[in-house]
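Enquirer: The lines below spell out each chain.
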Amino acid sequence: MSDYDYEPLILAFLCNWCSYAGADLAGVSRIQYPPTARIIRVMCSGMVHPNLIIDALTKGADGVLVCG
Amino acid sequence: MVKLTINDRPVVVSEGTTVLEAARHLGVNIPTLCHFEGLTPYGGCRVCLVEVTAGTRTQLTASCTYPVSDGLAVRTDTDEVLEARRFVMDLLLSRCPEVPALQEMARQMGLTEPGFSGGESDCILCGKCVRMCHELQHVGAIGVMGRGIKRDIVTPFGEFSKVCRTCGACAFVCPTGHIADIAKISGKTPRPKLNEFNVGLNTRGNIYKLYPQAVPAAPAIDRNNCIQLLTGDCGLCAQSCTAGAIDYSQKDETVDLDVGAVILAPGYKPFDPSGLEVYGYGHLPNVYTSLEFERMLSPGGPFGGHIQRRSDGREPKKIAWVHCVGMRSEKEGAHPYCSNFCCMASLKQAIIAREHIGPDLDMALFYMDMRTPRKDFEKYSVRIKDQGARLIRSRVHSITPAGPDGDLEIRYVTEEGGVNDETFDLAVLSVGGVVTPEVIALANRLGVKLSHNRFMDTECFKPVTTSRPGVYSCGFFNGPKDIPQTVMEGSAAAAAAAQPLAPVRGTLMRKKEFPPEADVAEAEPRIGVFVCHCGMNIGGVVDIPDIVQYVQGIPNVEYVQANLFSCSQDATSAMVEKIKEHGLNRVVVAACTPSTHQPIFQDMLRTAGLNKYLFEMANIRNQCSWVHQAEPEAATLKCKDLIRMAVAKARLLEPLEYIEVPVNKTALVVGGGVTGMTAALGLADQGYRVHLAERKARLGGNALRLHSTWRGGLVGPRVDLLIAKVMSHPNITVHYKAIVEKVSGVVGNFRTTLSRNQVIEHGIVVIAIGAEPYRPKGEFLYGEHPNVLLALDLDQEISEETERVKNAQAVAFIQCVGSRNPERPYCSKVCCSHSVENALKLKELNPDMEVYVLYRDMRTYGEREMFYTLAREQGVIFIRYKAADPPKVAEANGRLKIEVRDHILGKPVDLEVDLLTLATAIVPHQNAPLAELYKVPLNAEGFFTEAHAKIRPVDAPTDGIYLAGLCHYPKPLQESVAEALATSARAATILSKDSLMLESTISRVIDENCDGCAFCIDACPFKAITLIEYMKDGGVKKTVEVSEVLCKGCGSCMATCPKRGIMVAGFTLDQLAAQVDAALEVA
Chain A
1 MSDYDYEPLI LAFLCNWCSY AGADLAGVSR IQYPPTARII RVMCSGMVHP NLIIDALTKG
61 ADGVLVCG
Chain B
1 MVKLTINDRP VVVSEGTTVL EAARHLGVNI PTLCHFEGLT PYGGCRVCLV EVTAGTRTQL
61 TASCTYPVSD GLAVRTDTDE VLEARRFVMD LLLSRCPEVP ALQEMARQMG LTEPGFSGGE
121 SDCILCGKCV RMCHELQHVG AIGVMGRGIK RDIVTPFGEF SKVCRTCGAC AFVCPTGHIA
181 DIAKISGKTP RPKLNEFNVG LNTRGNIYKL YPQAVPAAPA IDRNNCIQLL TGDCGLCAQS
241 CTAGAIDYSQ KDETVDLDVG AVILAPGYKP FDPSGLEVYG YGHLPNVYTS LEFERMLSPG
301 GPFGGHIQRR SDGREPKKIA WVHCVGMRSE KEGAHPYCSN FCCMASLKQA IIAREHIGPD
361 LDMALFYMDM RTPRKDFEKY SVRIKDQGAR LIRSRVHSIT PAGPDGDLEI RYVTEEGGVN
421 DETFDLAVLS VGGVVTPEVI ALANRLGVKL SHNRFMDTEC FKPVTTSRPG VYSCGFFNGP
481 KDIPQTVMEG SAAAAAAAQP LAPVRGTLMR KKEFPPEADV AEAEPRIGVF VCHCGMNIGG
541 VVDIPDIVQY VQGIPNVEYV QANLFSCSQD ATSAMVEKIK EHGLNRVVVA ACTPSTHQPI
601 FQDMLRTAGL NKYLFEMANI RNQCSWVHQA EPEAATLKCK DLIRMAVAKA RLLEPLEYIE
661 VPVNKTALVV GGGVTGMTAA LGLADQGYRV HLAERKARLG GNALRLHSTW RGGLVGPRVD
721 LLIAKVMSHP NITVHYKAIV EKVSGVVGNF RTTLSRNQVI EHGIVVIAIG AEPYRPKGEF
781 LYGEHPNVLL ALDLDQEISE ETERVKNAQA VAFIQCVGSR NPERPYCSKV CCSHSVENAL
841 KLKELNPDME VYVLYRDMRT YGEREMFYTL AREQGVIFIR YKAADPPKVA EANGRLKIEV
901 RDHILGKPVD LEVDLLTLAT AIVPHQNAPL AELYKVPLNA EGFFTEAHAK IRPVDAPTDG
961 IYLAGLCHYP KPLQESVAEA LATSARAATI LSKDSLMLES TISRVIDENC DGCAFCIDAC
1021 PFKAITLIEY MKDGGVKKTV EVSEVLCKGC GSCMATCPKR GIMVAGFTLD QLAAQVDAAL
1081 EVA
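Respectively, the protein sequence lines represent chains A and B.
The first sequence begins at 1 in my numbering and counts up by one.
The second sequence begins at 1 in my numbering and counts up by one.
If you are wondering where the hints come from, they were derived from the structure by calculation, not from laboratory data.
It cannot be assumed that every hint is accurate.
Chain A regions said to be covered by chain B (calculated; three or more residues, Cβ under 8 Å) [as the list claims (entries may be wrong)]: (1) 18-24; (2) 27-33; (3) 38-52; (4) 55-67.
Examples of chain B residues toward chain A, derived with CB under 10 Å [what the hints assert, rightly or not]: (5) T400; (6) G403; (7) N622; (8) C624; (9) M645; (10) G942; (11) S1000; (12) T1001; (13) K1048.
Treat the numbers as computed from the prediction; the structure is a model and nothing was measured.
Ideal Cβ positions, reconstructed from N, Cα and C, are used throughout, including at glycine.
Here chain B stands alone, though its shape is the one from the complex (with noise of 0.2 Å):
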């Protein structure tokens, strides 16, 4: 070993060497250019000049080539050394003046303007790329021919490299960007990687993440351009990772598992519209698919959010989209099936692609049917409406070149048989989703039976259960679906698998360990502030950097850092990094709202070994940048607001002690339908404790009166069957007339009581009450003429096979009726392919049957489609009519007469019919007071609201209760049973836990402020206090006490208590009042 002293400071290095990395390992910042740590140093530059005295001399070196010995004194910062760079550096600027790095590193010496004049050059002949291309990539495509002023960088013989193979390491190193055209050396032109998360629409590197938020977050080399895999040469990136992370050796590895079920989960691909060229996708640059411009929507996306046009890069002012590409079709090359989800994915687009280009962007969306039957989606459509979008009922006949300029044609036809052409900036290709050939490949080989469409056969009744015992599926491999029913059909699997795997539950599970928690109750604040962009959602309406640098003004604001996504998982993991690096002990994250960020940087935190209640968050997304998209400036002000006020509170932020209770393993399915069932013998099989508590005096709800499933299978033997289940289950009691009357506790610790005084005691509750048909008013003359039916008294009546139903010579359905009205802005989902349904039953009995459907939109999404086009092959009769024009109904000789407008002759049209059946709405139940009870939100039309429309579709927002079936929005009975299964596996995760950890954010009492005037008691909601008294230096001391299981922490106590005795933990007087003072600082 060696020891020398730089600027004074010992260090000791191994013997060989150099000066500069001595220099490193200390930290001290030496300039260079040519230096590259890997290759040979070379002393080309002359930048890193340093001091150095050995015995009794002292002299100018470059500290690059010179070894280090025994005794060196090296000084980096002395006048005459700094002099000496300026001076080289100036003789480099003065040959190539105008390479910005040049000029950049200049004026950090004091440089401004270069000595010489008339330099040309770009290139300051470092070599640093002919020791790359030949030390490291051992090709020797390039050399340095020539001395003195001929000194040039060049290939040999000046011809084009035979043996260069673009692999651009010469340009990666060169400093001043004069090797920037690979192609001058090889003749080659270098083909980027296209980014493949990206469709292709920008580049990639060959070490690379696929996206921010990859798991695991390590990047990946692309093995099949990698230089070292494939010819052994480079190990660039080995050389460079500090963590030596980099391992050449790794290899493919086949891994046997022992597992008692399998989850198919495989998904889908986008359909590939190549193939049809009408759209003129592929050779027509403007023309995108769905999954194309959703990334080019994406802040994180391949031009940062920013919508442009392929062909000349600027951004359109005129969007058309084309729905149902490739589906709902029988043409060569397309599929029969509707996609589901790819309706409302355009309207989705649609109205972010305003939000980013503006209002005056001008939106057509050509549409078959729309299809919006989700929670909420109608209200959507409606919405896009109103900000002036065209949604316009037609087929496209074709997309074709309209001018030079990259412009689209769309020729459509309209429903009256109008030929209209109208001419677009950009088009996107709604395509649908297609079950892959590898995916069809790997069923086969686990074989598992598919549908006709080739998606998973699998009943209405076990909706994620395969045909090979011990196999689940889920997902769009089910048959088309969107997000919500994706992750809930998951849950679905989980709890499908882990019934028959109950007791093996937890055998191989690792507890998640955090390391012990700093005591930093009486430690100074040092405050950390993570300011998150959240792509453009923040980013791209606030001034982040100008943020930044105001929160760094804030006293006890140790650091301050901008993430892109904060809650990615590199990012937390960065975060956690910084808190110990900076000796943070408050952290203020300023992103989007702790309603559902919270946990995660609470975890953050202990993960940090901090307490997690040393935590405050800025909602600087849903309650400022999304709010106040037009005025940026103002907006940015609140930001600094809103961050200064939580960092007020995080100052005072205390570390509180962890409450753990235990898990009463015990549920209360609420409801006895199917959905209730199902969910109640889904937790029972898992091996828990079930208490199912039915309102009427028999199980089976609504499906009771169903005839079929919409894949044909009777409904009343499943149901019978699942009944008999339930009754002879030993882990499920069932409570008949049973209704809640009262509710106390919370997630883990529940107490219900039922009618008659029942208690229940459970840890957790799932609410599956179900919904009801809407009964019109004298409406269609339902509760006036006999025959006029419900959905539900049809199939009753096709059960019974009733004469009037086998005697009918005509029978009509109207679609809609109490639906998609101002009312009841919502589609009830199951109406139109249950009227399809009943329609093919119909002809099925008499196929001479006059069968008419009256609808506005034929909703027969998924793999449903199959039986509309079933039906107009039968000779059903659809006719459309519009919300505005319903059709009449009248009674005439006894039959039923309807007029209705026909949409395609324009005229109106009249049917006689012997039965009419109203597809009516599904209306909720009377749900206030379980809602009250229960503490469950309700949306405006008075279904129960889940946690999270898309990830949490069957939680309900507040912990330990999940919802299920019709009481959450209308849908079919398969869905209803996967959401029962759904629920079951959600709840699991709180069954199977021995102990829950609850809130410390309760009410703590100041003894020495509390007199126990008991004021608070009566204030208290939910009687968690109790006055008491001891004894206290030799008297009696009153004072109150809480109890920690009933507390829920609001506070009621403190903002009673007339003495400042009792606060709420997390929410103290002070800390709200800090708030405040911050809040009007700068009023």
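Chain A extracted, bound-state conformation (with noise of 0.2 Å):
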């Protein structure tokens, strides 16, 4: 575990064709990371929407990554 008590949870929008499959490598490499990411797979990080991000940061993520 991290040294700080605080982990945020991270709203994290994966294009299915580049970083989602790196995020399955990533297991496939058992590369261990902190379990507060939340992945929702897009077909293209061009698909998600401004108020998606909006919606994220206002409901309590406390972070978004858009990554494509």
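These two chains come separately, so use the hints to put the complex back together.
Expert: Pasting the structure below:
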């Protein structure tokens, strides 16, 4: 666990073709990371509407990652 | 027929039925201990009491012996009945207070303590065992003796029964566990049936499935041990099979098939080390073969993935792997070749063992040369060193017992000649593979020629073609190899067989039919959630029962079930049944990743009569259990969140219409080397039109400079023949000096623009653009001294028999130049064998020539090992150097002086040579532009990435794109040719179809929201959207239209639209927002 008590909850919109596959590969390679990210698969980072990000932040996400 | 009522429910059954059977027919549960279907009713335990009213008379009676009669009224649930059963149960429990099964049954009836103390028996005298032995087994080994309190189950005269067959049927039916030890009846200890799949590490039943994923998924009866098949008795299984599937009359059949080609894929058996006494296998319990250890590591294995010693069941803390057992040896009982897969298998086992046992596991691998020449294998071997494994270059002398506790002492000889002893808890013998005598007999029967080591003798340019026309072969039988290569060769053999059979393709095909899909668009969501253990992969980290319980509480979830392996055939069939049974209309599978497994589960939905888009996956393996192994609680919580998010989306899923497009049956092959030409011919011979694009002005590629193959055949004439075939083939059009400049479209309908604006329309593409040798800058005097050559230069000089090759007195090779270093952390695979072959050729030219090979690990894998042996016999001198201390090359008197530290002497040695050949790395071309155009990812070193390293070795991750040859990873010619053939088989799976189904997750216009502002048109990277106008309500309505073929569903339009006028089906804003909300529900 981290040295800090606070683990930010991060919502990650990952592109099916690259970063989502990368997150899968992280699993295959058993790369360990904090369990507080929640991944939402999208078909392209381009489909992530700004409203989704604003909504996520206003509803309590500590951070939003759009990766593609 | 007889009519009666049970708990006021009418039921009609046939005459002679008992009340118990009638109740079961209705689904009314009546407890019983002595009843067993197929045995005469006995009424012994009295637990099945019911109240029956016949006419005016009402009584309590045992339902198992009471026959039905017209008008009978039965009650199973009155207070009197329950009280009476409880009393009977009390008596039984008082007699046998320690029997768990009775305690549980009593607890269910509301009893906690027996009413009478002092009972010491564990037999309730229900007589099931005796009836079983008499009535079904027809043996009569046991009987009932005595009356009252002396009543007992005994053998005749209290002696061991002479007729008992130790079948165990008595123990099987005993409700209390009284008959546990059959040896007490027969005097003989039953011999357990060992589980063959787990190499005898555990036992199996007589009716069994070899392994959970076995095809067909039905169990089989071991006929050598089946009492019914051997004697005609028993028949218990047929009696209990509700499906009536047991057929004892089935016999082996000889089936004649008319076929146009035969493919041999007989595989191999692991080498049996029990003949090699020094390793102690067979008499030292804690010495395992690698296959035994592999089974032990498997979550579906004998101990559920737990590693335990044979001697005492203890988990080992210190494990040794001994490489090359039975291989690379001329000794009696061993084999001279290298088995190719075992080094990597040992490394993998060490990594997995560490995952199971923990980071403190002491791992030692005793090896001769670490042979990890495949893609990404080198990095793997570096990684395990980082995890603390000790890689010890040595020869193991012996394994002997160390003390009385089962520990093992390994004596080994180091490279420097020192003898060391070390104690281990467990040793794994990394055994190679052997072709069995049965397979050799099969080959002889078929009349196909075998190699010296009795592998299939194939040519490098025809790697899967045997000496007999129409017979092809693949896999380990063609020479030792690992999984990716066998999978690839399987496809190659399919392609080779498909070429002559092209005219009859599809004539015996049956089309998969799906049932019509239920219309559930408007129906209230009834969501089924299937949570996968994936063996230990998920179940070993997170708390699945807890997750299942949680998911049951999520709104709209109608059904939750955990599966051991959700993707296994029996699991998907069972899921289909559950979908139907519970009327589910949306399905969530919480398992691995949709990238690999979504299609399997979508197919499962279609089989169940649901639209395949009513499916959502929760990725709880790759993105949860695997990446949070040390935090099981947090991972369990995350699993719940991920499933809740998936369910939230599933609630909003809608069925989508399937989109079918015609397939353009033309192929484009990029790259005109041997690989590209072979792929083109493979496709053209199957009857497809092929465009072959070569960037240079001639065909042939790197092979034009190669002298001979590792099997000794000259490359030049074969390449010439290949070029001639390609150029004269009516189905092939060659485009020279042609580079891919633009690409559009998808699988089935690509549109590629080559140089000079030439447009090719094609259904698939094979990328085979090769690679090039690394050209060092000044290293080892390359480019500075004329006598320092690259490997391909030497080939050319040998072909031309140049003066300096013929006159050389001494030559040297330096291996791994530019390979296996931090900059290029991979092995180029071909160079060790290539240098050894050239060393032999030089020795042939001039046997007195001094030939030195300076190497790091000698990776002459498979049958190539023979050349390494031969080279040493012929006096080629091999000197190992360490990466940290490479040889130094300087000019001296016109010759080259090489200084290298000899690994045996431990001293620097000076060599003077006339020619020096650098076996340099194979490096990729500038692959990035092509990779970008076809959207195929590159790995860190710049080679193209395949869809799956093991099971889809020649498919690119993007559909309709295939990879072969050096552009995928360095490999020898033979493997490139096999890959080229494999791509032609894989490509034919698309080209043979008339139409393809496209993904329906593409943009849909919501006409009432769209006002034709056209913001989306510029945003669309695929130019799939057009603005249209049409007449509506007497005015002109502007809106946009999406091309189903061009749209990829990227959703740039959706993110751009200010009016919610366009949505990607399956990824709508509402669906994504639902996932966001669900994720944040319990932050």
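Enquirer: None of the hints should be skipped; say for each whether it holds.
Expert: Here is how each hint holds up against the structure:
1. 18-24: holds (count 5)
2. 27-33: Result for this restraint: holds, n = 6.
3. 38-52: holds (count 14)
4. 55-67: Coverage by chain B holds for the stretch 55-67 of chain A (5 residues, Cβ < 8 Å).
5. T400: 36 Å, violated
6. G403: Violated, about 36 Å.
7. N622: 3 Å, holds
8. C624: 7 Å, holds
9. M645: Status holds, d = 7 Å.
10. G942: 17 Å, violated
11. S1000: 12 Å, violated
12. T1001: Cβ of T1001(B) sits 7 Å from chain A, so the hint holds.
13. K1048: With Cβ-Cβ at 8 Å, under 10 Å, it holds.
Hints 5, 6, 10 and 11 from the list above are not met by this structure, while the remaining hints are.
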